[in-house]
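Enquirer: Dock the two chains into a complex; use the hints.
Each chain, written out:
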Amino acid sequence: MDLLEYQGKQLFARHGLKVSPGEAVSTVEDAVRAAGEVGYPVVVKAQVLIGGRGKAGGVKLAADEAEVREHAGNILGMDIRGHVVRTLWIEHASDIATEYYASVLLDRSAKRPLVMFSVEGGVDIEEVAEKTPEKLIRHHVDPLAGLSRDEAVEIATEGGADADVVAGVADALVALYEVWLSEDATLAEINPLIVTPEREVRALDAKVSLDGNALYRHPENQALSDSENEDPIERRAKQEGVQYVKLDGDIGILGNGAGLVMSTLDVVAQAGGSPANFLDAGGGSDAEKIKQAVALILANEAVKAVLFNIFGGITRCDEVARGLIAAFDDIGAGGQSIPFVVRLDGTNDVEGRELLQEAALPNVYPARTMNEAAEKVVALAAGQTVGAGS
Amino acid sequence: MSVLVDERTRLAVAGITGREGSFHTLNNRRYGTNVVGGVTPGKGGQDVEGIPVFDSWAEAVQEVQPNTAMIFVPPRFAADSILEAAAAGVELVVTITEGIPAHDELRVYNILKRDHVGTRLIGPNCPGILSPGKANVGIIPASFFKAGNVGVVSRSGTLTYQIGNEIAQAGFGCSSIVGIGGDPVPGSSFVDVLELFQADDQTELIVLSGEIGGSAEEEAAEYIAGHVSKPVVAYIAGFTAPEGKQMGHAGAIISGTAGTAAAKAKALEARGVRVGRTPTEVAEIAVQVLGEASIAAH
Chain A
1 MDLLEYQGKQ
11 LFARHGLKVS
21 PGEAVSTVED
31 AVRAAGEVGY
41 PVVVKAQVLI
51 GGRGKAGGVK
61 LAADEAEVRE
71 HAGNILGMDI
81 RGHVVRTLWI
91 EHASDIATEY
101 YASVLLDRSA
111 KRPLVMFSVE
121 GGVDIEEVAE
131 KTPEKLIRHH
141 VDPLAGLSRD
151 EAVEIATEGG
161 ADADVVAGVA
171 DALVALYEVW
181 LSEDATLAEI
191 NPLIVTPERE
201 VRALDAKVSL
211 DGNALYRHPE
221 NQALSDSENE
231 DPIERRAKQE
241 GVQYVKLDGD
251 IGILGNGAGL
261 VMSTLDVVAQ
271 AGGSPANFLD
281 AGGGSDAEKI
291 KQAVALILAN
301 EAVKAVLFNI
311 FGGITRCDEV
321 ARGLIAAFDD
331 IGAGGQSIPF
341 VVRLDGTNDV
351 EGRELLQEAA
361 LPNVYPARTM
371 NEAAEKVVAL
381 AAGQTVGAGS
Chain B
1 MSVLVDERTR
11 LAVAGITGRE
21 GSFHTLNNRR
31 YGTNVVGGVT
41 PGKGGQDVEG
51 IPVFDSWAEA
61 VQEVQPNTAM
71 IFVPPRFAAD
81 SILEAAAAGV
91 ELVVTITEGI
101 PAHDELRVYN
111 ILKRDHVGTR
121 LIGPNCPGIL
131 SPGKANVGII
141 PASFFKAGNV
151 GVVSRSGTLT
161 YQIGNEIAQA
171 GFGCSSIVGI
181 GGDPVPGSSF
191 VDVLELFQAD
201 DQTELIVLSG
211 EIGGSAEEEA
221 AEYIAGHVSK
231 PVVAYIAGFT
241 APEGKQMGHA
251 GAIISGTAGT
261 AAAKAKALEA
271 RGVRVGRTPT
281 EVAEIAVQVL
291 GEASIAAH
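Top to bottom, those sequences are chains A and B. First residue of the first sequence? That's 1 in my numbering, and the numbers climb one at a time after it. First residue of the second sequence? That's 1 in my numbering, and the numbers climb one at a time after it.
Hints may be right or wrong, so weigh each one.
[To be verified] Here are the simulated lysine-lysine pairs, BS3-like style, with alpha carbons at most 27 Å apart:
| hint | chain 1 | residue 1 | chain 2 | residue 2 |
| --- | --- | --- | --- | --- |
| 1 | B | K134 | A | K111 |
| 2 | B | K266 | A | K131 |
| 3 | A | K111 | B | K113 |
| 4 | A | K55 | B | K245 |
| 5 | A | K289 | B | K245 |
| 6 | A | K207 | B | K245 |
| 7 | B | K134 | A | K238 |
Simulated from the structure, these hints should not be mistaken for lab results.
One chain only, chain B, in its complex shape (with noise of 0.2 Å):
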């Protein structure tokens, strides 16, 4: 197994007709993920490289019943086209957009939580989702990882590269990459992806990778304590970040004294989670973790 996509994926995109939205779900429909349809207002009836086109979520999960739904229209759009696809059934909607007002994150999460509790959210400002060797849902550089056992959840795309091609180059591969995104209120936390990981069966080691900002990571570490029995090795972005500058993503920046790298370092590690000091190092350990265990099942 793994999580959140895969062989039973069926993807559709809001966003298709633009330039990246086209580019990154033919380079998904190439890996192998299932694209069955695209959704632009007014551009019902088109099609981008055989892949239909409808105006609404409405019509294409009617029409070609999509159970996960990528969002790559611009950010003034985005808010309407998540609660749309949730409205429409979909399972899973992963929110590629980047800048998308906070308030407006903030009133998605609360619907979704109110009225569409069959759906789960993952991003937005996010690089999606990549289950090696069976679906890529999102922008991924597929070409880095291969199968395996480590679950990846992070907050920042390249990082996760960086320290997902060191495990790979280690001879390890992944269960699931999932990117929850940089933005302040994000659809899922580090807790939901950690409760897919544990119950995953492919899954044997969690790499957690987050960054300054907001408490996601000390909410983990409470999580990790009482629910997750995998080894889970953690990274944490922005030591050297000055307070109150916000470090490209949005929701990036300490406020007074809350959100510091080393306050979450110290709440995971209190919680028995090892934190790399590098992303090298977080490779490095998680490849001992897992060559001890593998010792251990022979």
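Okay, chain A solo, but in the shape it has when bound (with noise of 0.2 Å):
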């Protein structure tokens, strides 16, 4: 779970990191009104989940309230390579004389923290990584015993920082890594990571992605997500427990097993395709959840056709016919003329193929392969007709 900067440095603050004080406001009238209170100069800035937002002009610089009030219209409503900025943070400008560079994720290859400094801030650190690799330092933490604060002392030297904020910036560290560690995050990035003329380290920015699986240990950042920026299909496929990720084509796809369902995107793109979304209906589904699934699928307008690529292990085939029955009977899935391309196989697939012989359900197809379907299911969605519709 991606974090707003605001949100992350909210975390920040709440482990002893400096961040500058701040307020996030969701209309022009509450800008102009925090930007008093936090002090001029402020930054207004965006607050959406993609890189590049400066550059796209989601963060300015405001003297006055005038500024604050033409920043702020300007910025909110503002589509960032398809983000919607509907909140801004305001926070009272900083006086910068360097830009450093500190992380710490769970690095999946060496299964080890790694934190990360470099006094090359304020610009994009793989690139960096890829020209100028010995001005990234890389550490690994033994987990078991922390990240100590003569380590974060050695990393601080190591980079290069500058002598006289090498203890400032081993307290961020060591504050970071407490961020990590205590919030469950798989990562905690500050770019940058400042020196002020007084020599003050402070997060100038905050990217924190939290273990979704260990929310249950933060009750209080179980609010933290960005549901309002949220799709809201997948929004709805979260609080109803169903694994869906929304993509830009117009063939919707269900399938069992999470990997199962990536190689369904995969075939059906390669059948000259375009997949709508993902949606993993999970082991053991019963009917009841694969007809909510199909609700799921047709609540994207673009969708044009439907594949459902079962492979049953503990699912079964029989339980996923009767879900599609049910979603024509109760839904009304038949009602909107998109066709169904149906492929059951494992568990009780004789059965499942049998229940929908006999519902003689319009529009629906089946297929005995996965690639069958794929292509089938591809020349439905643009339109054309093919054999063995029931």
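Expert: Right, dumping it as structure tokens:
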């Protein structure tokens, strides 16, 4: 779960990392009021979960009320690479002497926490890693011991932090590690970590990802998801406990098991189609859950055809068939003239196919293999006719 | 032979008294797996259809000597159960539980490495291990597989059934099917299981089924180049997955430019591993290679 900058900064402050005073607002009037409270000059910052907001015009300096009005008005509602700005962070502008970079993340390959530090802050860190890797310090931490302050001092020194702020940087690294550890984050990143002319070390930005599986340990963090900017169908799916990711295409996909669904998306794309969603109905889905999943898929108006790709293990194909029949009966899935291609294999596949044949649903096309199913659904989405419609 | 589970397996199950735990434990027993006990704190002395339940792993080990543990408890209790089984000396811990916090997995991995080197963890968030005709530990539907010479290792359950079924329909069987799970910090990686298959007499070809996220497939490619002489056929799911979106599995997420399916397929192909574009093609390549091998042997 990715956090907006201001939410990340709230977590930082909770663990003693220094951040500038600021306020999150969603109207121009509140922006003006907040600016008065934090003190001019202020920075008006778009709160979106996507990089490059500065280049897109989503971060502006304002010296007075008129400028806050102007910038807040322009930025609210702005579309930054598909993310609409609904929240602004109004922060007292910082004087910057130097910009550093710091992060703590879960290194899946080393299976250890990785602390990174660079004096080349404020720029794309992947570029630093590629072009001048010697300027990016990478330090693996023993997760059973944690990051000691001595280690943090070493990292700051080795990375070339100015001598007079080594202690401040080390404190920031220790606090950042604490954020990562105690909030169950998978990533905690500060870019830039600034040094002010008064030689104070402070987080000017915050990028934090929290582990959704650990939220039960952090009830206070459960409200932090960016639900306003979340796709409405994805939000609904989350509430219903369905694994759904919206995509750009027009072919709805339902499968069981994350790997098989990902594979189905690929096979549909190879057949020339464009998937509208990822939907993993999970193991052991009953008819009710399948019906619910169909409703989610059809909530996306772009969908022109739907593919069911089921390999039943714990999931029983007869239950899947019942779910599809119920979707036609109860929620009028067939009323929208959207064709369904259904491939059922595995546990109780024969029963499932028989149920569908008996139900004789309009616009439902059986397929025996994954590849055949993909080709059929791509043709149907393109408005072509295919054989064996029942 | 086969790997990890077979006729010598003595299985005990944490969470045996739960609905899912008892259902799959009894399924495993029906398949022929030797199930010797269960562990549920507070329910020691009870039994599940004749399988004795103990309060702790230490007690289970003392009374019925399991060499394999299956973990079916809810996510918040899973880390402690794994570590308790390891501390009691169980050699193989298969964790089915989905949804364990990544920090717990990290802690478990590092504690096992430091304190319990004799214990191997498979999973979490995995379908388990099946050695057809010998033992089934987990939730893999055994009816789709028969005994044979293909070793399968996979991050995904249903995708494995899909590929395994196509191989079975072509007349071939499996030595073992090992699900390593879709989480960010699995106890065992592709490399660990490749090592086992390379050493296993019964296994003549290895199918590796990967997906987006992390770098386990790239590490597998390096390992295969240096250490695996048996043919390996690979599949990678998630070519069309968008960046930054978790595709079901906690570990299946592309971060920036890292973890893409294209990069993984390229890394494997650069090391001479054939990568099928669809599950069907993976099975076709596997069958073709096995066919050539059996012709060469005659």
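Enquirer: Each hint: holds or not?
Expert: Against the structure, the hints:
1. Under the criterion of a C-alpha separation no larger than 27 Å, the hint pairing K134/B with K111/A is inconsistent with the structure, at around 33 Å.
2. About 23 Å separates the Cα atoms of K266/B and K131/A, which keeps this hinted pair within 27 Å; it holds.
3. Pair hint K111/A plus K113/B holds up; C-alpha atoms about 11 Å apart against a cutoff of 27 Å.
4. For the proposed pair K55/A and K245/B, the alpha carbon gap of about 23 Å is at most 27 Å, so the pair holds.
5. Taken as a hint, the K289/A and K245/B pair is honoured in the structure, with Cα atoms around 23 Å apart against an allowance of 27 Å.
6. Straight-line distance between C-alpha atoms of K207/A and K245/B comes to about 16 Å, which keeps the hinted pair within the 27 Å bound.
7. The straight-line distance between the Cα atoms of K134/B and K238/A is roughly 40 Å, outside the 27 Å bound, and the hint therefore fails.
Taken one by one, the earlier hints fail for this structure at numbers 1, 7, listed in ascending order.
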